Structures are given as C-alpha cells and as structure tokens.
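Visitor: Following the hints, position chain U against chain V.
Same order as they appear, the protein sequences are chains V and U.
If you use our numbering, the first sequence corresponds to residues 480 to 716, in order.
If you use our numbering, the second sequence corresponds to residues 11 to 245, in order.
Calculated directly from the structure, the hints in this document are not laboratory data.
Treat the hints with care, since some could be wrong.
Short, incomplete list of chain U residues facing chain V, as computed with Cβ under 10 Å [claimed, not checked]:
no.	residue
1	R61
2	I67
3	K72
4	V74
5	Y75
6	I84
7	W88
8	M107
9	A145
10	H181
11	Q241
12	G242
Here are a few chain V residues that face chain U, going by a calculated C-beta distance under 10 Å [as the list claims (entries may be wrong)]:
no.	residue
13	Q539
14	C549
15	Y552
16	I575
Pulled from the structure, derived: some chain U residues nowhere near chain V, Cβ distances all over 12 Å [said to hold, decoys possible]:
no.	residue
17	T78
18	C80
19	A103
20	Q127
21	Y156
22	G159
23	F172
24	G184
25	D198
26	V204
27	S208
28	W223
29	A238
Nothing here was measured: the structure is a model prediction, and the numbers come from that model.
From the three backbone atoms N, C-alpha and C, an ideal C-beta is built for every residue, glycine too.
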Amino acid sequence: MSDPKPKFYTSWFCPFAQRVWIALLEKGIDFEYIEVDPYKKTPEWLSVSPRGLVPVLVHQGKSVYESSICIEYIDEEWPENPILPKAPYQRAYERIWADHIAKKIIPPFYAMLLKKETELQENAKKEMLEQLLVLTKAMDPTGPYFAGSQVGLVDIMLAPFAIRFFILKHYRGFQVPSGDESPFARFNKWYIAIKERDSTGKTSASDEEYIGIYKRYTDDTGQSLVATAIRQGTALP
Amino acid sequence: MASDKPSLYTAWHSPFGWRAWISLLEKGVEFDYHETDPYEKSPEWFKISPRGLAPCIRHKGKSVYESTICMEYIDEAWPCTPRLLPEDPYDRAYVRMWADHVNKKIIPHIFGMIVHQTATEQEKSKQDALDGIAAYIEAMRDGGPYFLGQNFSMADIALGTFGSIFFCMEHYRGFKVPNEAKFVKFHDWIQTIVARKSWQTVLPPREQVLEDWRPYAEGVAQTELAKAAKQGKTP
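Isolated chain V, as found in the complex:
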C-alpha cells in the first residue's frame, strides 16, 4: 500500500500523456491532475521533468517519465486491475506491440500532418495503413481489445492516437477502410470498443478543440520536439 496521492503532470492535448491518464483511470487510482505547458521550459518544470516533456508522474517525491514506463510503474505499484498479464511471454508480447506502435505507427501519424509535400503525406498514409494492418493481425481474434476481453498496455498505447484519426481525416483525408469484409474489420471492432470506454471519454477533449490544436502541425508552425524531429527526419524524443 502506498500513499500519498501521485501527481500526474500533463497537457490536455497530448496523446502520450493521455495514455497515462487512461491507465490511472483504468486502475482506479486516486491522483492529483496538474496541467502544465510543456513548451515553457522553466527550471521548476525541468526539476520535475528532466526531459521537459509530459507525461510525468511524481510519487513519493520521485519522478517517472516516458508513457510506457509510467504505465508499467502504475501497474506494479498498484497491483489491482492489472494492465499487463502475468506470464512472461504475454508481457513480452504486449511490449513488442507497444514498441511497434512507437516505431511504426506514431511516426507516420505525425509525418502525415507535418510534411508539406503531398507525395510525402500520401506515403505516410500508406505506411500508416500498412503498419495498422500488421498490428491488426497480431490482435486476439475475438477481442474486442488487443489481447482479448481485458484492456491492456497495447490498447492504452494506441487509443489516444486512434481517437485522433478523425484529425488525420479532416486535414489529410486519411481513413481506415470500413466494412465487414475489410482486412481492417478487426481493427474497427477494436476501435469501437475503445471509444466506448469511460476512460477514453473522460480523457478526451472535444473534436473542435483537437482540430484547432493540430492546425499548427499542418501549417508547419508546430514547435514541439515531435514536430522538429519529424521535420528533421530524426527519431522521436
């Protein structure tokens, strides 16, 4: 048993931070929500978050950062309502597909918005669909969640980005094919289930707010480390 309440440092628009927010809610943990502006790199903020990024969890005076590491910390510190399974291979499987999301799905998500050339946007759309299909094939056939009937790490790592796909449609015409015969049918089943969860609804802003905040990516004024990395073609922070 541990106390006091963890402090969750976050920004309402950040999908990486939303992952941790979802995890906290799924676990039923009592926490303090602290909204920060991660673009203001004040000394106070950097002492809480050495990389200057959200999300950060501070518990018993100690900082945990990196969304997947925060989620594993939460899961281990508060063992009820587990997010990761117990068996070593099942755990590795969740981590492998979380890594796939980080390396193969997140980059085209941002590239689609940030690249100015239509050809590069189209490449990103194609890449995104290819990698989503790979992920879809790794899903438990019944689901509805990635590993089966319970929400787990992979669901939480993907959810904030999936619920932002409408932004990709708005600005870039990106769409995951629908229909029962589509190879994405299983993905769409996953998406419906995730969208319906309380934790998704409670951690999401309105469509208008998201459309507004993502405009600066599409007009190339985005100053985040993610935006800079995509423009430079380097790895995401």
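Guide: The following block gives chain U in isolation, referenced to the frame of chain V:
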C-alpha cells in the same frame, strides 16, 4: 513439442545482440546459439523474427525480439539471480528510464559519430554522446560499482555492451570519454563491467570489431542500420 530450452538468434558483432546474449549468460540459462545475419531477409528468418530483428529469442514456440524487451523477458522467464531488474516498482522504473535514456540519448550518437562523414557532424555526435553519458553517470546511485550501486541490472547491460567497444569509436573518430571529474566514474564502472565473465565470453577480438565497423566509418555500408543511423534513428 515446443522446447523449454531457448534459442538465441543473433549476430556475433552486434552490441544489441550482446544484450540478450549477456543476459542469458548471467542467468546461467542453457540455450542454443544461432549465428544470424539479420540483413539476409529470407522467409525463414521472418518466420523466426516477424520484424526481421536480431537479437531474437525463440522459446516454447514463441519469438521475443527487440533487445530491451529480450532483457526484461529473460529476467521474467528465469527469475533467478542476478535479477536484471530490482523488486521495488520505483527502482524498476528507474532502471527502465535510464535504459531508455541509453537507447535514445547515447546509442544514436555512437552510431552517428561513425556513420556521419563530415567532421562537423562527427563532432556534434561526439559531444551529444558525451552529454548522454554524463547524464547517465550523474544518475548512477552511490555505493557502486554498478548503475544501481551494489546491484547489477539491465541499465548496466544497456550501456555496457556499447561501452565495451568505445575503443572502436576512438580508433575511427578520436572519441574518448575524458578522465576528468564528472567522467571518472565511467571508467571505474566500465572496467568492472567488462571484467564480468559474460562480457569476456561475448566480446570479439579487438581487430574483428574494428574491421566490422570499418564500412560504416568509411561511409560504404548500405545496411538498414547505416541508413537509420544517418537519420539519428536506430532500428
């Protein structure tokens, strides 16, 4: 019947591969070693490692890949000593954060300094690598000689594999971790690490390491690794 004895698919020259190899050796696990060329994109290879990545562990009919995920898997599948991650949730997060730091803030610059062909880019990579190493040293806990202090962990393996071939970066790019004040701890640490039996088992002869990195240093390597490294990414 799927075997309980794991198989390690890895390339002799890969520091990423050594992470999984060292982890198995440290645990005293019996395993089959399969020398692998991950650039040979054969259908057989993709059956073993679906993303084509090495190292890959095959165990009980399943594949585990990505070197950091392999280390955690090995620790969990064989939870004997030495534990590669400690018990306490915060300490576990600490090890993970600093292994992540090694992967994001040090390794890309180690590759960068080798694959970049202009002096300006090389110098920048060298400085960035040193900054990353300085932060890692700063994060080391007191009591030594390991990252967590008394206890060996995945954080030591994450950097210690690459750290054991820094002579190669010195040879090609004049890269040296200084001997002064804030870096002194690095030298004590790496000497202790490299002296471990597992490191002595996996480390190839010096000349072979130098020869293996030469195409990258001379800008003629066409591997995925070279292309990714030029972009500051590692696969």
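Visitor: Compare the structure with each hint and give your call.
Guide: We went through each hint and held it up to the structure:
1. R61: holds, 7 Å
2. I67: holds, 9 Å
3. K72: holds, 5 Å
4. V74: Holds, about 5 Å.
5. Y75: holds, 7 Å
6. I84: holds, 9 Å
7. W88: U:W88 check passes; min Cβ-Cβ to chain V is 9 Å, inside 10 Å.
8. M107: holds, 6 Å
9. A145: Holds, about 8 Å.
10. H181: Hint violated; U:H181 Cβ to chain V Cβ min 26 Å, cut 10 Å.
11. Q241: holds, 5 Å
12. G242: holds, 4 Å
13. Q539: holds, 7 Å
14. C549: Since the shortest Cβ distance to chain U is 8 Å, the answer is holds.
15. Y552: With a minimum Cβ separation of about 4 Å from chain U (threshold 10 Å), the hint on V:Y552 holds.
16. I575: Holds. Min distance 6 Å.
17. T78: Given that some Cβ of chain V is not farther than 12 Å from that of U:T78, nearest at about 8 Å, it is violated.
18. C80: Its Cβ does come within 12 Å of chain V, the nearest being 8 Å, so this is violated.
19. A103: violated, 4 Å
20. Q127: holds, 17 Å
21. Y156: holds, 20 Å
22. G159: Holds, because the least Cβ-Cβ distance between U:G159 and chain V comes to about 16 Å, which exceeds 12 Å.
23. F172: With a cut-off of 12 Å, U:F172 remains clear of chain V, as the shortest Cβ separation is near 16 Å.
24. G184: holds, 24 Å
25. D198: holds, 24 Å
26. V204: holds, 28 Å
27. S208: Given a closest Cβ separation of 21 Å, the condition holds.
28. W223: holds, 21 Å
29. A238: violated, 9 Å
Hints 10, 17, 18, 19 and 29 from the earlier list are contradicted by this structure; the remaining hints agree with it.
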